[in-house]
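Line by line, the protein sequences give chains A and B. So the number in this note's numbering is just where the residue sits in the first sequence, counting from 1, plus 70. So the number in this note's numbering is just where the residue sits in the second sequence, counting from 1, plus 70.
Just so you know, these hints were derived from the structure itself, not from any lab. Wrong hints could be hidden among the right ones.
Which copy? The list can't say, so a pair holds if one copy fits it or any two copies do.
[Said to hold, decoys possible] With a cut-off of at most 30 Å between alpha-carbon atoms, the simulated DSSO-like pairs for lysine-lysine come out as follows:
| # | residue 1 | residue 2 |
| --- | --- | --- |
| 1 | K260 | K612 |
| 2 | K157 | K122 |
| 3 | K297 | K258 |
| 4 | K157 | K612 |
| 5 | K258 | K436 |
| 6 | K436 | K260 |
| 7 | K612 | K297 |
| 8 | K122 | K297 |
| 9 | K258 | K612 |
| 10 | K157 | K622 |
| 11 | K157 | K436 |
| 12 | K436 | K122 |
| 13 | K436 | K297 |
| 14 | K436 | K622 |
| 15 | K612 | K436 |
| 16 | K297 | K622 |
Here's the letter readout for the chains.
Protein chains: 2
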Amino acid sequence: MGTVTKAAQPYVAFETSPEQYRHWRLSFDGPIATLAMDVAEDGGLRPDYRLKLNSYDLGVDIELADAVQRIRFEHPEVHAVVITSLKERIFCAGANIFMLGGSSHGFKVNFCKFTNETRLAIEDASAHSSLKFLCAVNGICAGGGYELALACDEIHLVDDGNSAVSLPETPLLGVLPGTGGLTRVVDKRKVRRDLADFFATLVEGVKGRRAVEWRLVDAVHPTSRFKEAVATRVGQLATASDRPHSGPGITLHALDPEVSDASVTYRHVSLRLDRERRIGHLTVRAPTAEQPSTPEQIHAVGDDWWPLRAFRELDDVLLRLRLNEPEIGTIVVRTEGQIEDVLAVDRVLVEHSGDWLVREVVLLIKRTLKRLDLTAHSFFALIEPGSAFAGALFELALAADRSYMLDDPERPNAVALSPMNAGLLPMSSGLSRLQTRFLANPELVDELLAEREPFDAPAASDAGLVTFAPDELDWEDEVRLAIEARATLSPDALTGLEANLRFAGPETLETKIFGRLTAWQNWIFQRPNAVGDRGALRAYGKSGARPEFDWKRT
Amino acid sequence: MGTVTKAAQPYVAFETSPEQYRHWRLSFDGPIATLAMDVAEDGGLRPDYRLKLNSYDLGVDIELADAVQRIRFEHPEVHAVVITSLKERIFCAGANIFMLGGSSHGFKVNFCKFTNETRLAIEDASAHSSLKFLCAVNGICAGGGYELALACDEIHLVDDGNSAVSLPETPLLGVLPGTGGLTRVVDKRKVRRDLADFFATLVEGVKGRRAVEWRLVDAVHPTSRFKEAVATRVGQLATASDRPHSGPGITLHALDPEVSDASVTYRHVSLRLDRERRIGHLTVRAPTAEQPSTPEQIHAVGDDWWPLRAFRELDDVLLRLRLNEPEIGTIVVRTEGQIEDVLAVDRVLVEHSGDWLVREVVLLIKRTLKRLDLTAHSFFALIEPGSAFAGALFELALAADRSYMLDDPERPNAVALSPMNAGLLPMSSGLSRLQTRFLANPELVDELLAEREPFDAPAASDAGLVTFAPDELDWEDEVRLAIEARATLSPDALTGLEANLRFAGPETLETKIFGRLTAWQNWIFQRPNAVGDRGALRAYGKSGARPEFDWKRT
Numbered sequence: 071m072g073t074v075t076k077a078a079q080p081y082v083a084f085e086t087s088p089e090q091y092r093h094w095r096l097s098f099d100g101p102i103a104t105l106a107m108d109v110a111e112d113g114g115l116r117p118d119y120r121l122k123l124n125s126y127d128l129g130v131d132i133e134l135a136d137a138v139q140r141i142r143f144e145h146p147e148v149h150a151v152v153i154t155s156l157k158e159r160i161f162c163a164g165a166n167i168f169m170l171g172g173s174s175h176g177f178k179v180n181f182c183k184f185t186n187e188t189r190l191a192i193e194d195a196s197a198h199s200s201l202k203f204l205c206a207v208n209g210i211c212a213g214g215g216y217e218l219a220l221a222c223d224e225i226h227l228v229d230d231g232n233s234a235v236s237l238p239e240t241p242l243l244g245v246l247p248g249t250g251g252l253t254r255v256v257d258k259r260k261v262r263r264d265l266a267d268f269f270a271t272l273v274e275g276v277k278g279r280r281a282v283e284w285r286l287v288d289a290v291h292p293t294s295r296f297k298e299a300v301a302t303r304v305g306q307l308a309t310a311s312d313r314p315h316s317g318p319g320i321t322l323h324a325l326d327p328e329v330s331d332a333s334v335t336y337r338h339v340s341l342r343l344d345r346e347r348r349i350g351h352l353t354v355r356a357p358t359a360e361q362p363s364t365p366e367q368i369h370a371v372g373d374d375w376w377p378l379r380a381f382r383e384l385d386d387v388l389l390r391l392r393l394n395e396p397e398i399g400t401i402v403v404r405t406e407g408q409i410e411d412v413l414a415v416d417r418v419l420v421e422h423s424g425d426w427l428v429r430e431v432v433l434l435i436k437r438t439l440k441r442l443d444l445t446a447h448s449f450f451a452l453i454e455p456g457s458a459f460a461g462a463l464f465e466l467a468l469a470a471d472r473s474y475m476l477d478d479p480e481r482p483n484a485v486a487l488s489p490m491n492a493g494l495l496p497m498s499s500g501l502s503r504l505q506t507r508f509l510a511n512p513e514l515v516d517e518l519l520a521e522r523e524p525f526d527a528p529a530a531s532d533a534g535l536v537t538f539a540p541d542e543l544d545w546e547d548e549v550r551l552a553i554e555a556r557a558t559l560s561p562d563a564l565t566g567l568e569a570n571l572r573f574a575g576p577e578t579l580e581t582k583i584f585g586r587l588t589a590w591q592n593w594i595f596q597r598p599n600a601v602g603d604r605g606a607l608r609a610y611g612k613s614g615a616r617p618e619f620d621w622k623r624t
Numbered sequence: 071m072g073t074v075t076k077a078a079q080p081y082v083a084f085e086t087s088p089e090q091y092r093h094w095r096l097s098f099d100g101p102i103a104t105l106a107m108d109v110a111e112d113g114g115l116r117p118d119y120r121l122k123l124n125s126y127d128l129g130v131d132i133e134l135a136d137a138v139q140r141i142r143f144e145h146p147e148v149h150a151v152v153i154t155s156l157k158e159r160i161f162c163a164g165a166n167i168f169m170l171g172g173s174s175h176g177f178k179v180n181f182c183k184f185t186n187e188t189r190l191a192i193e194d195a196s197a198h199s200s201l202k203f204l205c206a207v208n209g210i211c212a213g214g215g216y217e218l219a220l221a222c223d224e225i226h227l228v229d230d231g232n233s234a235v236s237l238p239e240t241p242l243l244g245v246l247p248g249t250g251g252l253t254r255v256v257d258k259r260k261v262r263r264d265l266a267d268f269f270a271t272l273v274e275g276v277k278g279r280r281a282v283e284w285r286l287v288d289a290v291h292p293t294s295r296f297k298e299a300v301a302t303r304v305g306q307l308a309t310a311s312d313r314p315h316s317g318p319g320i321t322l323h324a325l326d327p328e329v330s331d332a333s334v335t336y337r338h339v340s341l342r343l344d345r346e347r348r349i350g351h352l353t354v355r356a357p358t359a360e361q362p363s364t365p366e367q368i369h370a371v372g373d374d375w376w377p378l379r380a381f382r383e384l385d386d387v388l389l390r391l392r393l394n395e396p397e398i399g400t401i402v403v404r405t406e407g408q409i410e411d412v413l414a415v416d417r418v419l420v421e422h423s424g425d426w427l428v429r430e431v432v433l434l435i436k437r438t439l440k441r442l443d444l445t446a447h448s449f450f451a452l453i454e455p456g457s458a459f460a461g462a463l464f465e466l467a468l469a470a471d472r473s474y475m476l477d478d479p480e481r482p483n484a485v486a487l488s489p490m491n492a493g494l495l496p497m498s499s500g501l502s503r504l505q506t507r508f509l510a511n512p513e514l515v516d517e518l519l520a521e522r523e524p525f526d527a528p529a530a531s532d533a534g535l536v537t538f539a540p541d542e543l544d545w546e547d548e549v550r551l552a553i554e555a556r557a558t559l560s561p562d563a564l565t566g567l568e569a570n571l572r573f574a575g576p577e578t579l580e581t582k583i584f585g586r587l588t589a590w591q592n593w594i595f596q597r598p599n600a601v602g603d604r605g606a607l608r609a610y611g612k613s614g615a616r617p618e619f620d621w622k623r624t
């Protein structure tokens, strides 16, 4: 909770588009896109701070996430992206400290989480969409600025005697680099741990040849040759792409949900809030209209295609939940429609996965489901007659902390698997949700995937695909009591519980960032040594103020 | 910091022996040892709580750790251990809540860490010493009691209609199971994550057949057949051991260091405290006397053998640092002696690793170095003329956050590797410290290990074996400034920084427990929802008191 006076937290919406950007300039030159940071000082989400020196807040990162998404969908002819700055001698000063100082603990954590996911989306585009990123660090590059650079495939630093990369959070602010910096330094770039220790305690950072020798950047170039070297190298990076040589892409139109105090309603997704009980009812509807089945038809339909639209809506609603509805702790997940309609879409997604647009849609579904895995709310899936928990939509039940399926012989109710459950939508751990579920019996995964018929409640329960399958006599009480009980538990303990249980199995760079780094950062972020009256985050920027620490190590 | 009134924290010493035990009965029957918990209610480390229902505090766990260690060294004829309870219908109620409620945040965290290490020592004995553990759960088994059971190879539960296993921390106390419970449930026992979610939110736990079906226990037996079933099964577990069929073992005598306010002095290890600067000077001395070179000689020398004695001393001093010296944030690590004397011991350790006692000594060195990796203090190794950073002792430099080696051509100063650096002393991640260090260039590890000659400062620096190698002109200032600068940084940020940088590379059950679970628990442990005036930990046990939560999810 800390003792900092918190500014009023504005409602955050996540939709934007290039013509609305205030902080980034997105330009195109054949296969190369350039994303240039030019943060508007007065363009913060709140009025209590100014975004000096290309420092950023959530609004700046929302634009970055939007730009990366649009390059993927709207500009398939782009094969490589340069990320750079339009400010003189400044690449990016990192997250704005005064913004952090005035933010609630929960906002800080969710800000870091979203920013991390944006970095991971860049890495996802590189790994799976053949879209490479070069960071042209043309000035000082500190904290979150360097974390953005770390997310790129290559980091090129100008060698002007001044520009350096740094992670000064620990010495300056008494916290950690919050968006994966430490993990990416030692695990992605494999900087030696003792050098990383030195680097991460150094306010001024590292520049020039030493930055290359320590693996902190890939190359340094003198000012006079910097632009040319970057242009040459990004041209090389672009040549290996398997994306189309020309457009057009499709346009991602605004989702424009209907928002009231009690609900957020999209075309295929809706969220209804029961504020008194602190429960959200989230419903995803299967397609009802005819869906395209060939790449040509899919490209023609564009962002009206059901899987793209439905999962963009789901992504948007999850972000709104995180930032705007922290008290709605339990989310009841339902689906509506015909299983067969979902399975038909899944067949098209799998059959045409070689098409660049279909590939992007599958990757977007994957990222959205990861977002759900990483959302600090409890999810209970209710599988009732009329639901459509099949294939990609069944992942919602697998991602949920628990699922309840009504077993009423008089009212047919089934779930179904599809090839979409077989590894195309991995969790952050690299495992599919079925593999995670059946860690104890890995052979079950293939057996279940081979089953062509839907599973009714007894079959789903026997197979371990659902948690509980109460009959019609027990259903109402059992489900109601389970949801009510969940809503009485400590929200902090639930966040920790879920962060541990959801990620059984192997750890990866991604899971390390969220499970190890972020967890430590959460703790540090609310210690008096950071946010107390004399904590380092509060002392920052006050002339003459030095933090006072309780020196006990913990 | 919380708002709970903290009881005065007694100085904790970690040495004990069976004749001093107040809480455990250790008995022997041929190849089977029985460790029976019988906690003395009035035997707590502090007077402000009573250890009812076989609940435990740090003192109880210190005895458990001692017992496991002594079985390994003093009773090689023991091949399997039964852990059970002498209390009627109660196995163990877990960590004592009133003890937790009255403890500082730092004490709670370090208590959980030590308890976890004790659990891991049980698993280490099973995996590497051929010593199997069967937990005979003969009554209610809650929280940390179940976490103890989870550390055993098999869990047998009495089926008396009453006895259940449970992790009630979240519903009862608003915190997480603190000693690995969640990780062991889903990662070790591979309980399905949705069932684990249900289980870990259930105060009353799970019993009988369901406990077996959900993989929470391995077997249930009716009361009438329980003892016999346990005896039969532990007999089977004992048969696969490669430990000797008969003793004697060696005796682990008390280390009895000389302790003053400014120092702790053992035979081979000493710690000098500079309280004003918050710096500890830790020195490990190489052997000076003649060391045994054959198993017969080693067994005859017993716990006087240098590597056993020196690393027992190091282990003890690390524990004292953690619990009793939280403000001594920076530890300067030095060694003294002849490199060749350390390398000679290493050769014996490697050559006779098939001997049960030598194996135990190597495993103890491994566990001690892991303890160092997990100690939340900064370690800087100073490699100066007269030091003996070779082989197993060079692991101290590799484990340190940084190392400084004096490069003075006029004063010979060298480090050396030995086969002990080649994988016999892995970190929690499973990698050797050299492998972790050279993640970017794995081929370097074998190249360096092939080098028979010691490395002088330029060579060590070129090889990447030390962080910095200042010359005699720079040495004093550079080292002094580095240590002073370290001591000014936020102790919380350093704890998080080190927890991230030290564990580059793969994650394992162990690293997940410390890096993911414990980090979340740290955070939850100091939130007002747990330790505030109306937090769940404070409300526990007060009649009619219900916790009041800030419902925001984070």
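Evaluated hints:
| no. | hint | result |
| --- | --- | --- |
| 1 | K260 <-> K612 | neither (36 Å within a copy, 51 Å between copies) |
| 2 | K157 <-> K122 | within (11 Å within a copy, 66 Å between copies) |
| 3 | K297 <-> K258 | within (26 Å within a copy, 52 Å between copies) |
| 4 | K157 <-> K612 | within (25 Å within a copy, 60 Å between copies) |
| 5 | K258 <-> K436 | both (22 Å within a copy, 27 Å between copies) |
| 6 | K436 <-> K260 | both (27 Å within a copy, 24 Å between copies) |
| 7 | K612 <-> K297 | neither (37 Å within a copy, 69 Å between copies) |
| 8 | K122 <-> K297 | within (24 Å within a copy, 72 Å between copies) |
| 9 | K258 <-> K612 | neither (35 Å within a copy, 50 Å between copies) |
| 10 | K157 <-> K622 | neither (41 Å within a copy, 38 Å between copies) |
| 11 | K157 <-> K436 | neither (35 Å within a copy, 52 Å between copies) |
| 12 | K436 <-> K122 | neither (35 Å within a copy, 50 Å between copies) |
| 13 | K436 <-> K297 | neither (36 Å within a copy, 51 Å between copies) |
| 14 | K436 <-> K622 | between (43 Å within a copy, 27 Å between copies) |
| 15 | K612 <-> K436 | neither (44 Å within a copy, 47 Å between copies) |
| 16 | K297 <-> K622 | neither (48 Å within a copy, 47 Å between copies) |
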